[in-house]
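Input sequences plus hints: build the corresponding full structure.
Going by this note's numbering, the sequence shown opens with residue 32, and the numbers climb by one from there.
To be clear, the hints were calculated from the coordinates, so they are not data collected in a lab. Glycine residues also receive a C-beta, built at the ideal position from the N, C-alpha and C atoms. A hint or two may mislead.
What the hints assert, rightly or not - Think about it this way: if two alpha-carbon atoms lie no more than 30 Å apart in a straight line, the pair counts; the simulated DSSO-like pairs of lysine-lysine are: (1) K229 - K194; (2) K106 - K58; (3) K661 - K538; (4) K790 - K819; (5) K538 - K493; (6) K503 - K585; (7) K771 - K589; (8) K573 - K585; (9) K719 - K771; (10) K228 - K211; (11) K291 - K245; (12) K547 - K719; (13) K787 - K773; (14) K173 - K188; (15) K341 - K787; (16) K194 - K150; (17) K661 - K391; (18) K635 - K612; (19) K787 - K777; (20) K84 - K58; (21) K245 - K228; (22) K526 - K661; (23) K661 - K585; (24) K452 - K526; (25) K322 - K233; (26) K589 - K573; (27) K831 - K495; (28) K304 - K322; (29) K452 - K228; (30) K585 - K526.
To be verified - With beta-carbon atoms standing in for the labels, derived distance ranges: (31) E501 - Y468: 24 to 30 Å; (32) N171 - K773: 34 to 40 Å; (33) K635 - D114: 50 to 56 Å; (34) A254 - K228: 49 to 55 Å; (35) D729 - E325: 28 to 34 Å; (36) S826 - Q120: 23 to 29 Å.
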Amino acid sequence: MLEFNEFSEDERQTLFVEVILPLAISKTYTYRVPYGMNEQVEVGKRVVVQFGKSKIYTAIIYKINNEPPSLYEAKYIIDVLDDLPIVTQSQLSLWEWISEYYLCNIGEVMQAALPAALKLASETRITLLGDKNPDKAELNDKEFLIIDALELHSELKISDISKLLGQKTVFPLLRSLFAKGIINISEEINESYKPRKKAYLKLNSQYNEPESRKALFEILERAPKQLEGLLGYLKLERQQTEISKAELLEASGCGPGAMKALLDKEIFIQEDKVVSRISLEEEEELLPDFKLNEAQQEALDSINQQFETKDVLLLHGETSSGKTQIYIRQIEKVIAEGRQTLFLLPEIALTTQVIERLRKYFGNHIGVYHSKFSDNERAEVWQKVLKNEFPIILGARSAVFLPFHDLGLIVIDEEHESSYKQYDPAPRYHARDTAIYLSHLHKAKVLLGSATPSLESFYNSKIKKYGFTELKGRFGGVEAPEIEVVSIADETKRKTMQSHFTSVLIKEIELALSRKEQIILFQNRRGYTPFLLCATCGFTPKCINCDVSLTLHKSSGKLHCHYCGYRQELLNACPACGSTKIEQKGFGTEKIEDELQLIFEKAKIARMDLDSTRNKNSFQILLNDFEDGKIDILVGTQMVAKGLDFGNVTTIGIISADSMLNYPDFRAFERSFQMLSQVSGRAGRRNKRGKVIIQAYDIQHRIVSQVIRNDYSEMFNTEILERRNFNYPPLYRLINLDIKHKDNFKLGQISARLAKILKQQLGSRILGPEMPLIGRIRNYYIQTILIKIEKDGVSVNKVKQMLKSTLQTFEAEPHNKGVYIQVDVDPN
32 MLEFNEFSED ERQTLFVEVI LPLAISKTYT YRVPYGMNEQ VEVGKRVVVQ
82 FGKSKIYTAI IYKINNEPPS LYEAKYIIDV LDDLPIVTQS QLSLWEWISE
132 YYLCNIGEVM QAALPAALKL ASETRITLLG DKNPDKAELN DKEFLIIDAL
182 ELHSELKISD ISKLLGQKTV FPLLRSLFAK GIINISEEIN ESYKPRKKAY
232 LKLNSQYNEP ESRKALFEIL ERAPKQLEGL LGYLKLERQQ TEISKAELLE
282 ASGCGPGAMK ALLDKEIFIQ EDKVVSRISL EEEEELLPDF KLNEAQQEAL
332 DSINQQFETK DVLLLHGETS SGKTQIYIRQ IEKVIAEGRQ TLFLLPEIAL
382 TTQVIERLRK YFGNHIGVYH SKFSDNERAE VWQKVLKNEF PIILGARSAV
432 FLPFHDLGLI VIDEEHESSY KQYDPAPRYH ARDTAIYLSH LHKAKVLLGS
482 ATPSLESFYN SKIKKYGFTE LKGRFGGVEA PEIEVVSIAD ETKRKTMQSH
532 FTSVLIKEIE LALSRKEQII LFQNRRGYTP FLLCATCGFT PKCINCDVSL
582 TLHKSSGKLH CHYCGYRQEL LNACPACGST KIEQKGFGTE KIEDELQLIF
632 EKAKIARMDL DSTRNKNSFQ ILLNDFEDGK IDILVGTQMV AKGLDFGNVT
682 TIGIISADSM LNYPDFRAFE RSFQMLSQVS GRAGRRNKRG KVIIQAYDIQ
732 HRIVSQVIRN DYSEMFNTEI LERRNFNYPP LYRLINLDIK HKDNFKLGQI
782 SARLAKILKQ QLGSRILGPE MPLIGRIRNY YIQTILIKIE KDGVSVNKVK
832 QMLKSTLQTF EAEPHNKGVY IQVDVDPN
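Encoded structure:
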């Protein structure tokens with residue numbers, strides 16, 4: 032336990048360390064190194080420091096020098112936590128770049144990059160000073176209560192005292208007791224990460240000889256359960272070198288009581304060993320080598336040739352063309368060179384399926400890293416990558432932060448996906464672009480793969496910034512799915528709609544079920560009903576914190592806000608007029624699942640969306656059940672569109688294409704093409720040709736036509752012309768500013784002032800301020816300013832530095848108090 036102010040001045044201390052604190056502060060902070068720790072400090076190690084009056088933080092050493100800070104007196108670091116650095120120099124360079132490029136603080140990058148289990152938690156603790164016997168008559172009522180509780184419990188946390196007194200502010204009372212010399216205030220530092228340990232057993236060496244072992248059998252004849260434990264151990268000993276306590280209990284059935292007796296008698300010696308939390312498949316199941324088809328081999332040769340002159344290459348291969356096998360060949364090449372590979376995927380759902388596929392070729396050489404892992408599991412993967420134990424890392428966007436030593440290849444599958452962009456909190460980085468900078472630090476190659484590339488990547492390949500390879504045709508000669516567009520308006524007129532399903536879709540589902548084939552239905556909205564409406568007065572229940580209608584979730588029986596998490600009980604009557612005529616408008620995945628079950632009573636139906644896959648293993652269970660044929664129809668949001676590969680899926684239904692096409696965003700048509708093409712690509716991926724039914728009101732829409740013809744080039748050419756005419760990426764760069772304030776009137780004044788200042792510096796490049804689609808979230812009103820910067824003739828870095836300086840000055844002005852400005856570079 033560390034007590035405050037226990038360090039004394041020592042003139043011999045000469046080293047100072049600049050540290051990165053996991054806070055949104057704009058600069059690093061300098062601390063003094065106690066003389067006895069001079070040999071321990073090293074860039075990239077964690078140190079424990081006190082920042083502010085009483086808070087303890089884990090910080091990362093950023094620089095070491097002999098210069099004290101000029102503006103403040105440096106405090107001493109409290110402790111050095113690591114024997115070896117846990118953050119590499121190339122990681123610190125990446126953090127610096129993210130901080131500069133995305134206009135955020137390096138402490139925010141550290142907070143995002145470092146697993147929570149490698150950060151310390153600090154909690155102020157209160158104890159009685161042992162040599163004091165306080166006169167309770169001198170204490171006020173609340174002080175008396177605190178001392179009374181400390182005599183009972185010996186130690187209390189600040190949170191305990193707050194609960195005891197029923198008030199939040201307890202520091203004045205504690206300061207008073209501290210000044211009277213009655214209590215001690217200290218910080219207990221708990222390191223979150225604890226290695227997992229497993230108990231292993233060994234037979235005491237004194238029973239190795241036949242005679243002693245015979246005597247032991249005679250003794251244990253009077254304790255049959257203990258004898259079972261010994262016999263079980265001897266049996267397992269013939270099959271394996273190490274025997275865990277859990278294995279022996281299961282194999283022998285001797286029971287915990289008998290096992291404890293064997294340990295107490297020292298017949299068994301227990302040793303606790305550190306084991307991995309990460310379960311690995313057995314390497315014996317590796318697949319034999321495979322052969323690429325002619326198109327794949329040509330693509331691979333082209334990639335190898337272009338990698339001689341290009342560092343980044345776009346592989347444009349249609350769905351089910353066999354891109355993964357090309358990735359495998361590239362990974363094999365890099366591993367043979369003794370270098371590491373990072374394989375990025377946009378969704379954890381995809382990670383589950385791809386990891387199984389890659390492990391068949393690479394066995395235990397793959398580490399997996401994503402947010403569904405526990406804090407301890409993520410810390411363990413971090414340590415293993417640091418020790419270079421995993422040649423291949425497969426993960427979602429946060430995997431770019433791992434401590435690689437020698438990356439040779441970064442594969443970014445489904446590179447067009449918006450999931451690669453971090454929205455909240457800062458840093459609002461794009462994993463694809465960050466990975467490309469990471470590759471530059473390691474002199475590695477980047478392979479971008481997609482059937483529907485982002486306009487940015489395809490444009491970069493057109494201007495020869497990236498290499499480009501096309502992979503045509505589906506693997507195994509399977510035909511592309513047949514796509515049929517059905518008019519919802521026509522079927523509604525003819526009264527052939529059944530709930531939200533056209534007669535054509537119903538017929539195709541029936542056919543697929545009769546052939547024992549599987550179906551995927553896509554609806555890009557979760558929940559049961561998007562909003563409720565009073566048929567009498569038009570009232571719609573809205574979130575109390577955000578300007579959005581509440582979504583009905585049948586599973587919870589409540590109304591949910593998808594922005595702040597607020598929940599409300601279901602309405603039986605309109606709170607505005609008292610009417611009981613409450614209508615449900617629209618539909619989400621929950622409602623589709625519900626109504627399908629009424630139409631296809633015998634079908635096994637499941638749902639894949641954010642609500643149904645919150646638990647750690649829910650993706651894995653759902654995908655395994657679908658793969659094993661335990662599910663006939665899978666209803667899902669965009670998760671079902673992202674690279675999933677199921678051999679028995681022949682029918683795809685897109686419930687409502689219009690909701691994507693009519694979204695007010697300059698990327699709406701590009702995204703719609705990508706989503707519709709990707710969902711369609713899940714059908715007929717083996718020997719059977721698939722069928723895709725697209726339900727829409729506007730069946731003549733050009734994007735629908737381009738999806739049917741699988742004409743990416745036409746979509747690109749049309750969209751790029753629009754982007755050129757209206758100054759949008761990839762020809763311009765965007766920076767979005769969200770100005771937030773709890774007072775709507777003040778927000779209007781502040782955002783107008785900021786826009787005026789920026790227009791003086793950047794002119795017509797500034798658009799706004801405007802209220803966004805959703806003008807209030809979590810009780811903050813929002814105004815948006817959009818900055819469009821041309822790529823030619825303007826230094827984007829100079830614009831960013833000017834913007835950063837302007838915002839710092841602007842936020843510091845007293846009349847802008849309470850404003851919060853959120854910067855998003857390259858908004859997605």
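Results of checking the hints against the structure:
1. K229 - K194: 38 Å, violated
2. K106 - K58: Between K106 and K58 the Cα gap is close to 16 Å, so the pair holds against 30 Å.
3. K661 - K538: 22 Å, holds
4. K790 - K819: Given pair K790, K819 holds - Cα atoms ~12 Å apart, limit 30 Å.
5. K538 - K493: Measuring from Cα to Cα gives roughly 43 Å; hence the hint is violated.
6. K503 - K585: 44 Å, violated
7. K771 - K589: 29 Å, holds
8. K573 - K585: 17 Å, holds
9. K719 - K771: Cα-Cα ~53 Å, so violated.
10. K228 - K211: Violated, at about 45 Å.
11. K291 - K245: 21 Å, holds
12. K547 - K719: Holds, at roughly 13 Å.
13. K787 - K773: 21 Å, holds
14. K173 - K188: 16 Å, holds
15. K341 - K787: Status violated; Cα separation ~43 Å.
16. K194 - K150: 27 Å, holds
17. K661 - K391: 23 Å, holds
18. K635 - K612: 33 Å, violated
19. K787 - K777: Distance of about 15 Å is within 30 Å: holds.
20. K84 - K58: 19 Å, holds
21. K245 - K228: Between K245 and K228 the Cα gap is close to 33 Å, so the pair fails against 30 Å, i.e. violated.
22. K526 - K661: 34 Å, violated
23. K661 - K585: Given pair K661, K585 holds - Cα atoms ~23 Å apart, limit 30 Å.
24. K452 - K526: 43 Å, violated
25. K322 - K233: Given that 30 Å is the threshold and the Cα spacing comes to 48 Å, the pair is violated.
26. K589 - K573: 13 Å, holds
27. K831 - K495: 26 Å, holds
28. K304 - K322: 43 Å, violated
29. K452 - K228: 37 Å, violated
30. K585 - K526: 27 Å, holds
31. E501 - Y468: 24 to 30 Å: Since the Cβ atoms of E501 and Y468 sit about 26 Å apart, the hinted range of 24 to 30 Å holds.
32. N171 - K773: 34 to 40 Å: Check passed, 36 Å falls within 34 to 40 Å.
33. K635 - D114: 50 to 56 Å: 54 Å, holds
34. A254 - K228: 49 to 55 Å: Since the Cβ atoms of A254 and K228 sit about 28 Å apart, the hinted range of 49 to 55 Å is violated.
35. D729 - E325: 28 to 34 Å: Violated - the Cβ-Cβ distance for D729 and E325, about 40 Å, lies outside 28 to 34 Å.
36. S826 - Q120: 23 to 29 Å: 27 Å, holds
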